[in-house]
Amino acid sequence: MQTQELVTLVPWTFIIQILNLFIQVYLIKKFLFKPINEILEKRKNLADKEIREAREAKDAADSLKVQYEDSLTNAHAEAAQIVSDAQKEAQSKADTLVHEAEAEAQSIKARAAADIEQEKKKAINEAKDEIGSLAMEIAGKVVEKEISESDHKKLIEDFISKVGA
Amino acid sequence: MSQSFEVDYAKIYCSIKTGIPILGDLKITETLIVSWIVMIIITGLCIFLTRNLKVENISKRQAFAEMLVETGNNFVRNNTGGTKFDKLIPFVSALFATSVVSNLISLVGLRSPTADLSTEAAWAVVVFTMITATKIKTNGFGGYLKGFTTPIAVMTPFNILSELATPVSMACRHFGNILSGVVIDGLIYWALGLASAALFGLIPGAVGQFLSKIPILGIGLPAVTGVYFDWFSGCMQAFIFCMLTVMYIANAAEE
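Sequences listed follow chains D and V, in order. Numbered according to the numbering used here, the first sequence spans residues 217 to 381. Numbered according to the numbering used here, the second sequence spans residues 12 to 266.
Heads up, a few of these hints could be off.
Simulated restraints, written as ranges between beta carbons of each label pair [to be verified]: (1) V/Val165 with D/Leu235: 34 to 42 Å; (2) V/Asn89 with D/Asn261: 49 to 57 Å; (3) D/Ala277 with V/Asn89: 55 to 63 Å; (4) V/Gly216 with D/Ile231: 51 to 59 Å; (5) D/Arg268 with V/Lys98: 49 to 57 Å; (6) V/Ala202 with D/Ile231: 32 to 40 Å; (7) V/Gly35 with D/Asn261: 47 to 55 Å; (8) D/Arg268 with V/Leu118: 48 to 56 Å.
Keep in mind that the hints were calculated from the coordinates and are not lab data. Nothing here was measured: the structure is a model prediction, and the numbers come from that model. By construction, the Cβ of each residue, glycine as well, lies at the ideal position given by its N, Cα and C atoms.
The shape of chain D in the complex, shown without the other chains (with noise of 0.2 Å):
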């Protein structure tokens, strides 16, 4: 079998070797690089994804722990409020009750007073004509002598005026 110099050039196979070259270029760009970047690069976009999903996240979080604690302070706020309020309206519904209960013992006390001289007047007036009676009777019991109707009735009302003074 024929064979070539040990060191030569030649030139188709000088030729072929640039094509087999670009050849090779190609095929490990299509075969090799291309998938395997292309999977790179999705694992990249991958873990940048989950960190960005990750970050905002955790900006939510943040966001919705404040508007929390902003609520959670509104609400004590809101609570001591409602406690104040409720501690005045008590406070003017037990003034009022005492007011109340105060004017209505009073006017009780009033009433009663008004009706006891009422009943000490009455009394007073019952004892008048009782004891009037009974001194008409006691005199003329006691005088045994005929006086006119008029004088009997001017004696009296001098006795009562004297007891009634």
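Starting from the known structure of chain D, fit chain V onto it as the hints suggest.
Chain V in isolation, oriented as in the chain D frame:
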């Protein structure tokens, strides 16, 4: 066993008459055939490595493929200092893979395509074209020509020489190393064959005659020397060739 030493020449399997002057006949040589085998091996390996790619929970095979790609990326990016030359990555990787597989294919008994100067010359010319193109792109055509007259106009012939020396030295360095490996391997086998013929020829009678025809001593020692001449030299030259390619192109891009 022959008494005289013969180097392993590249065989010409067939010769196609083209009738084109200068180029001559298209000869399908061992170099070309083995080159195509190398290409098939590399491409097959690429396809095998990139099967069933997954984003998560990757197989060892995919991890290896990713490692190869990352190594290629890092090699070019570290030596050019940036991602400006990312387009070079597949080229450099293909060059390296072809070179390494071509160099190491001699281990299975095929003749390395890189033991043919035409192969390295082809690669070196491609690289030289890229270097020149990068220089022209960076400095403009005028700037490129002006570059030859630095530092003084008298230096022009030397600058042209040194410019041309780049591809020649790249090609010859790689070729020389691989060819020397081929020659030394051949020499070692030849010498060991002679030695075993001489040794077993001492045995008298038919047994000695039979054994002396088999190069028994050829088992073992070539494997040891092959570590340097085939493995180390093969990987080293591929690495150097790619390194120089990247360095020259990166330098060419500097103002």
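Does the Cβ-Cβ separation between V/Asn89 and D/Asn261 fall within 49 to 57 Å?
Because 25 Å falls outside the window, the suggested range is violated.
Does the beta carbon distance between V/Gly35 and D/Asn261 stay inside 47 to 55 Å, or does it fall outside?
At roughly 54 Å between Cβ atoms, D/Asn261 and V/Gly35 fall inside 47 to 55 Å, so the hint holds.
Verify the CB-CB distance for V/Val165 and D/Leu235 against the hinted window 34 to 42 Å.
holds, 40 Å
Hint says 49 to 57 Å; check whether the CB-CB distance for D/Arg268 and V/Lys98 agrees.
violated, 30 Å
Between V/Gly216 and D/Ile231, does the beta-carbon spacing fit 51 to 59 Å?
holds, 57 Å
Is it true that the C-beta distance of D/Arg268 to V/Leu118 lies inside 48 to 56 Å, as the hint says?
Holds: the Cβ-Cβ distance is about 50 Å, inside 48 to 56 Å.
Beta-carbon spacing of D/Ala277 to V/Asn89 - inside the hinted bounds 55 to 63 Å or not:
violated, 41 Å
Look at the Cβ atoms of V/Ala202 and D/Ile231 and judge whether their distance stays inside 32 to 40 Å.
holds, 38 Å
In this structure, the earlier hints numbered 2, 3 and 5 are contradicted, and the remaining ones agree with it.
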